[in-house]
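Based on the sequences and whatever the hints tell you, model everything.
Number of protein chains: 4
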Amino acid sequence: MNVRPIRVTVWNEYVCERTYEEVRAVYPEGIHAALAQVIRDQLGANAAVRTATLDQPEHGLPEEVLEATDVLIWWAHAAHDRIADAIADRVQQRVLRGMGLIALHSAPGAKVLQRLLGTTCAVRWREDGERELVWTVNPSPPIAAGLPHPLIIPKQEMYGEFFDIPEPEELVFISSYTGGEVFRSDCCFTRGRGRIFYFSPGHESYPVYYQPEIQRVLANATHWAANGGAVRRTLYMPENSAMGWFEP
Amino acid sequence: MNVRPIRVTVWNEYVCERTYEEVRAVYPEGIHAALAQVIRDQLGANAAVRTATLDQPEHGLPEEVLEATDVLIWWAHAAHDRIADAIADRVQQRVLRGMGLIALHSAPGAKVLQRLLGTTCAVRWREDGERELVWTVNPSPPIAAGLPHPLIIPKQEMYGEFFDIPEPEELVFISSYTGGEVFRSDCCFTRGRGRIFYFSPGHESYPVYYQPEIQRVLANATHWAANGGAVRRTLYMPENSAMGWFEP
Amino acid sequence: MNVRPIRVTVWNEYVCERTYEEVRAVYPEGIHAALAQVIRDQLGANAAVRTATLDQPEHGLPEEVLEATDVLIWWAHAAHDRIADAIADRVQQRVLRGMGLIALHSAPGAKVLQRLLGTTCAVRWREDGERELVWTVNPSPPIAAGLPHPLIIPKQEMYGEFFDIPEPEELVFISSYTGGEVFRSDCCFTRGRGRIFYFSPGHESYPVYYQPEIQRVLANATHWAANGGAVRRTLYMPENSAMGWFEP
Amino acid sequence: MNVRPIRVTVWNEYVCERTYEEVRAVYPEGIHAALAQVIRDQLGANAAVRTATLDQPEHGLPEEVLEATDVLIWWAHAAHDRIADAIADRVQQRVLRGMGLIALHSAPGAKVLQRLLGTTCAVRWREDGERELVWTVNPSPPIAAGLPHPLIIPKQEMYGEFFDIPEPEELVFISSYTGGEVFRSDCCFTRGRGRIFYFSPGHESYPVYYQPEIQRVLANATHWAANGGAVRRTLYMPENSAMGWFEP
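Residue numbers (numbering that gives the first Met the number 0), protein chains in the order written: chain W, 0 to 247; chain A, 0 to 247; chain U, 0 to 247; chain F, 0 to 247.
These are computed hints drawn from the structure, not numbers from a lab.
All of these numbers come straight from a predicted model, not from anything done at the bench.
We put the beta carbon where it would ideally sit given N, CA and C, even for glycine.
Zero decoy hints are in this set.
Footprint (simulated), chain U over chain W, 3 or more residues, beta carbon under 8 Å:
| hint | segment |
| --- | --- |
| 1 | 114 to 126 |
| 2 | 165 to 171 |
| 3 | 236 to 243 |
Facing chain A, a subset of chain F residues (Cβ under 7 Å, in silico):
| hint | residue |
| --- | --- |
| 4 | Leu-115 |
| 5 | Leu-116 |
| 6 | Gly-117 |
| 7 | Arg-125 |
| 8 | Asp-127 |
| 9 | Glu-168 |
| 10 | Arg-190 |
| 11 | Gly-191 |
| 12 | Ser-240 |
Which residues of chain U face chain W? A few of them, derived with a C-beta cut under 7 Å, are:
| hint | residue |
| --- | --- |
| 13 | Leu-116 |
| 14 | Arg-123 |
| 15 | Asp-163 |
| 16 | Glu-168 |
Given below as structure tokens:
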């Protein structure tokens, strides 16, 4: 279906890996490097991957990079407030014009996701190294393809309900944790011409992104969010339409 | 809103209570009697409650009873196969004409629910007296009103995903169990003019229906399923409509 | 159900009525005055209604007014850009904390709606005095209660698809127009603790809000958006929760 | 993605074409032959197409045919009552085990669709050769790919709301007609492991299936309903699961 590779940009705030030794021990080159490698390994010639980080000019997301991005993967945790409003607006607009967005883990705190969804995205949370079981409650969509039921993550930060998001268009996974909480651990949304996939597993101190099952979800999600290979698309605009404008 | 009481019929197969002493110990008059008392206590003068059981003529559900029922509460577990097809069809038709249906616990095995939903309604299950935590993932609908988060059920049968139902129109509760499984423990559906509420908590050997929080859910669901007080309503029928039939 | 009246604030930019004689001829006291009268007539003692307009200090929406508002009705058309960002943010936050919002007609251009929904809300449009037929495609929700099928509006501005909004949680009405276009003419959303009802009928030059059927929709929507009578509610916030925090 | 061609069976009651000359004039070999040709033309080597009709033994749908079918296209209009219950049950079960179903035009009267959806599927209708405009209200899914907006059908039977179906999981098209009625002209459902696509355009007396845009919808829908190429799949079954059954 895709005549050219899916152009993926992995964005990472890249803060914790440079601050904490135990994070660096898990992701020595940064989470963005690990995620980029996942997409390269999983999609091979079907993806062209680059990375971008917070401390680059324009956070590594100038117009020309976003224009050349079909799917943006977003990882942030500690520095949500350091994102410039203009860059958050730019990413929102680009999603509305057709770029896919895969928002990972702590993304509920990100301006980008909050602007696209309109809510606080608040979650309940706890860092206690609990086991997370990810159950598939909708096996039909491509995002669920090839996954064990349940998918077991040995150690994870707990994210629990209530999760203050709009009702997702499609709910594929529900997680439970050692402590008994549950979480809608993935959520699919369409906004404008763009598709948004939120996926909660993946923490800076646990090697979650090295699990093959998690890598499969990321690959499935990249295909889904690319939605057939994005040509450059325009923003929807109000349009004054004369009577019978559609007549042949 | 309701000019007259909601007419509630509680239906129970009434088998286990007469077979097993430990069930009788929990529900000495039958689960239907206990459920009827719950609705009477919770809704008071706003409800008129009767009961019906499997071994009555026409399973206690002759036409005139169903016609005079605004909300039917269904409890069955061991004798799904003993329901006559004609009665299952009749209940389905009555729901399509506007009767609410509250399908409890083992109802996924019931012909009535399977006909209305079209799927197997298969569930994963285990009887091990586990604790169930019922989490509210959608606090807005009236069904969620007045409930603790989580609602704790000390001992329950486990019902786990995948639950083979159509995607619910509204998902209010998700449960987790000691064993780690999760379940969409309530599901709201509209079929024809009728509203259907499935709610999994409630087992014949555990005193779940005596918990005040569970009673609150049943009361909320009765109001929701009654949908403003059912007048007698007709089935939707194909309708040949002349051009301009709606002109004043 | 409501122990006290629903506190309704009708907000209007109040521009066209003071600019164009033909608008003033339809709504001599302003659209806000007409809408306020509708709610008073329809809800009687069950509503306490006030109005606010763009040119008042803080656009008539200081904190204390919004705090004392259960349902905000929003009418704007020509002056969306004149709303201060701080006021738009304030309204968004108040909706997330539980205030209902009824967004009428040209509201897709309003910052308030765009922030809550995250999309452009772009529509196709044409001012040609066409007849609009409003068809009920979901008769079950209270919003559809008591309406003719179709509801006929003799003259209206055309709003046509594609309408760039998130998929609505509930779609009750679909409109067609003389020119052949269709429109999802109402859309129900929940955002945070608040409920949002968008309803397209209602133009400054046509006497749409004087139609009894339209007034019925506004009454139904006010009850729905009030959602049981709003107590003052807090914003959802991220919450660090110790293992077992919910144990009795 | 598909390692082998999608196996498509086109089923037609094949009654009107043999009864009425004006129908035969449009579809001289039967609607099934025309539809089969559409799929062959559109999918080429990616589809293996066969046909089946009502008057064949077991209506042309013995177990081995259904087992070897990934997508079943269903056309029926005048002879819904002549389908044997056992065959309707068999088709339902096969859909629940993963076969896609594309239900065309008059399929709301078909036992197969009614069993899978649980409702009457009643529609308003009129045969008056009106123009139908098919508007895309959700441009994101693959089913909408490559279509004009609106898609214009010069002459069609009118199908109007209210359409008594469960709320569709995804609504892509809404039609309007010369007479002013509207219709949710496609509806996507998942039931068990199977996907169901209902599409109203297509009448025995009008050459709708010869329109390239309609053929594109049928091709898109075949890919969607095949859902990745169906391996033989099992029915979901209740499953007693020991504590920790999923432990490695």
